[in-house]
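J.: Work out the full structure, taking the sequences as your base and the hints as a guide.
Which chain is which? The protein sequence lines are A and B, in order. The numbering used here puts the first sequence at residues 921 to 1229. The numbering used here puts the second sequence at residues 49 to 633.
It is possible that part of the hints are untrue.
Said to hold, decoys possible - Straight-line C-alpha distance at most 25 Å; calculated SDA-like pairs for lysine to any residue:
1) Lys-515/B with Ala-452/B
2) Lys-547/B with Val-1045/A
3) Lys-390/B with Val-1045/A
As the list claims (entries may be wrong) - Some residues of chain A that are not near chain B, with every Cβ distance over 12 Å (derived):
4) Ser-1057
5) Leu-1103
6) Ser-1122
7) Glu-1127
8) Asp-1189
9) Trp-1192
10) Met-1194
11) Val-1199
12) Lys-1207
13) Ser-1208
None of these hints come from the bench; they were simulated from the model. Backbone N, C-alpha and C fix where the C-beta goes; we use that ideal spot for every residue, glycine too.
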Amino acid sequence: MQGVGISGGGEGSASGSMSTVSREDNLVLSSEDSSCPDETELELGLGLSLCGGGGGGGGGGFRVKQASRGGQYARILTAKDFPSSSSSSSPSSSSSASSSLSRANVTAGVKRNADSVANSSSQVVGWPPIRAYRMNSMANQAKTIATERFNPTFDKNESKNAVAEKNNIGCYKDSGNAKRSSLFVKVNMDGTLIGRKVDLNSLGSYETLAKTLEAMFLRPTSSMDPRRTIVHENGIMTEATRPSKLLDGSAEFVLTYEDKEGDWMLVGDVPWGMFLSSVKRLRIMRKSEATGLAPRIERGNERSRSKPI
Amino acid sequence: MESELKRFRNSPNSEELTRRSSFPDEVIERVLSLFKSHKDRSAVSLVCKDWYNAERWSRTHVFIGNCYSVSPEIVARRFPNIRSVTLKGKPRFSDFNLVPLNWGADIHAWLVVFADECPFLEELRLKRMTISDESLEFLSVSFPNFKSLSLLSCDGFSTNGLSAIATHCKNLIELDIQENGIDDRGGSWLSCFPESFTLLEVLNFANLTSDINFDVLERLVSRCKSLRVLKVNQSISLEQLPRLLVHAPQLTELGTGSFSQQLTFPQYEELESAFSSCNNIHTLSGLWDVKAIYLPALYSACTNLTFLNLSYAALQGGELAKLLRHCPRLQRLWVMDTVEDKGLEAVGLNCPLLEELRVFPLDPYDEEIAHGVTEAGFIAVSCFCPRLHYVLYFCRQMTNAAVATVVQNCPNFTHFRLCIMNPRQPDCTTGEPMDEAFGAVVKTCTKLQRLSVSGLLTDLTFEYIGKYAKNLETLSVAFAGSSDWGMQCVLEGCPKLRKLEIRDCPFGNKALLSGLEKYESMRSLWMSACNVTMNGCRLLARVMPRLNVEVMKEDGSDDSQADKVYVYRSVAGPRRDAPPSVQTL
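T.: Following this line, the structure appears as structure tokens:
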């Protein structure tokens, strides 16, 4: 039925994230009962009255039995479901296991378990209030834009050549980059609260990956707005000419990834393609914590060793 | 006749008017036909019976804000000479999937009545109505003079219906299809315009996604010499666009197709040259998948631009800045939040005449990465655009101080729609509720007609609204308030309130029932996911017979809860076409 569309995520993390939003102000959402007068008060002899029949004789109110709809499942969240920020939080949405609202306040730097929130599970039906038409139109654009952000050199070179060419390339209806599926994985860095996502399919190699991540996490300005360093007005990417620190083991951080079996591995040991097929997410780990991971092979040597995965 | 007209004009004294009770109707009608605004006309019709009659005979355009507030029979009977009808159907929250698909607002019953009583109907403008292909076909054959069809945010039809319109409406001058839930079955509808057809002035099919036959379009554009509005869909490429433009230099509104094709240099020059001959364009939109390097081709057409719709073009701030330098006369600007604060600074610097700004989010669900616009961008625009009076702003953070600054810079807001995308998010620097922000808005902006609130809000916000927003007509509230008191403040305090829509707020029966008589002076009330119960609704319905009280329940919800409530005044009584999920009390 239209309207019951909270995409499932199954996490009940709503309470956790909500409570940290609060300051001590008890001004919010008190689960006061004032808004819910005792139902019996209103039963006063009312039955269903069709509009227009103003004079309906009151006598002997009967209550029309609603057809019972079965047990509770996946219902629309109501105001009651949102725990108030104060300690008098209402019981968490126990009944709606398949719906959750995660509203971590980004600016308050709420620490989040990397696993606790998938994008889809945090959506409330009809919010933000954007027309369905626009949502559908933008769904594809958003993906493409994100891809372009991490690979602007590709875009710029292509278009430059194209304009200079004499050949008629012909028209294609795709967006700026050629259609390819994207492989977005999360990247978290020890000591940084907010994670990032990269589209591994838009990077061609470990080198590009490392440079991209460095630009995101390690440059001082980039921690505020990494894209400024990556995309200038003319779409020219400022490329770091220094060798990437993350791969050669010289920085205090190392780049690791979690593979399909749940093991944490050092990035760079296996061929790029194999890496793409087994990576689930990335983590920039402090060197001190990276004990027990397999030792690195020196850069420059052939990576002949194939790691059993 | 003319001397009588002069005497009429020179003697507004009501005594004299009553003496002239046998004043010829034709004269009054002639005079009254000069009144265009439907508010004026309503006032005129209340003066006396003669004027009521004169007014109804001379009325050519009817605006019906809620299709269920009146029946088509009543309308047709009262206004036999209407040529143009504007109808709005579903509650606004249906745009956000909060209303069941088969809820109603079907145009067909109206068409049937009008075909009988007002066959000279020329114009139909629908918003949030359901219209089927059969209805479109019926329309196209029942009204020989039909000229204008505009569908915004409607559903229920496919491109087959458009085929019928193109085929049968010999006098069509406007076909405007915007943001509808249309079933796009292909572009063959465009080929249904006869080759002899030349009258088209407005063609907007930006809504559709499938390919159309470009040759057919090109021929159509070239033979319709009066075409002034052309908005094509994404299937039209940058290479094809110049071929359309050269046939229509008289265009005043242009919606481009996709703006991302890779062009050769000669093709780019052709594009640039085509735009340079379009000196009359004041509205520009489209620009899907825009590649910024091609934007300079547009510059020459931007000199007289007053409305630029970049809401589907994901531009960066710098790219926007470059474009805006060529748009000095811009009054209305819609952008995506990819331009960020830097882009908004550029807006302020380049567009001093700006009156309306809308900022849409590229990816509303993107929580992890902090993108988009912030309070800084908002302030930047307000600093340099004193004429700003309409804003729609989607953001992820805001502060009370920023909003206060904005309204201090721009006290003339009539429409203030701020959407902080995380529900219940407090001021991002102080952690306090956003009450003071909206307090500042209503205190400073005395002309405020429309307000949408967001962020962490207590009843204080609504106290402010009730106390200060004396011109407020439309209020949208979500995830806000602390108790019934909030809603009561609004209902008791805003004399001009017409539309109130509320979702996910702790307002219950007490609040609902505090507005009894008020609802009869309003167009409608929507409350969903609040604390209203079925009994509260029944009581309301019982006490106020001239209101329709409709309840929609969710599957599996508590029997006593009224999950979604829609209350509206009506002279047509309860509606008979409600689906089973909608209960009229």
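J.: State for each hint whether it applies.
T.: We went through each hint and held it up to the structure:
Between Lys-515/B and Ala-452/B the CA atoms are separated by roughly 17 Å; this keeps the pair inside 25 Å, and the hint holds. Restraint check: the Cα-Cα separation between Lys-547/B and Val-1045/A comes to about 21 Å, which is no more than 25 Å; the hinted pair holds. A threshold of 25 Å between alpha carbons decides the hint, and for Lys-390/B with Val-1045/A the separation of about 31 Å lies outside it, so the pair is violated. Not every CB of chain B lies more than 12 Å from the CB of Ser-1057/A, the least distance being 6 Å, so the non-interface label is violated.
The claim that Leu-1103/A lies off the interface holds: its Cβ sits roughly 16 Å from the closest Cβ of chain B, which is beyond the 12 Å cut-off. Interface exclusion of Ser-1122/A from chain B stands, the closest Cβ pair being 15 Å apart, more than 12 Å. With a minimum CB-CB distance of about 23 Å to chain B, Glu-1127/A clears the 12 Å threshold, and the non-interface call stands. Look at Asp-1189/A: its CB is around 28 Å from the nearest CB on chain B, clear of 12 Å, so calling it non-interface holds up.
Its beta-carbon lying about 24 Å from the closest one in chain B, Trp-1192/A satisfies the requirement of being farther than 12 Å from that chain. Taking the minimum C-beta to C-beta distance to chain B, about 27 Å, the non-interface status of Met-1194/A holds against the 12 Å cut. For Val-1199/A, the requirement that its beta carbon stay farther than 12 Å from each beta carbon of chain B is met, with the minimum near 18 Å. Against chain B, the non-interface label of Lys-1207/A holds: every CB pair exceeds 12 Å, the least being about 25 Å.
The beta carbon of Ser-1208/A sits about 26 Å from the closest Cβ of chain B, which is more than 12 Å, so the claim that it is off the interface holds.
The structure fails to meet hints 3, 4 from the earlier list, while all remaining hints are met.
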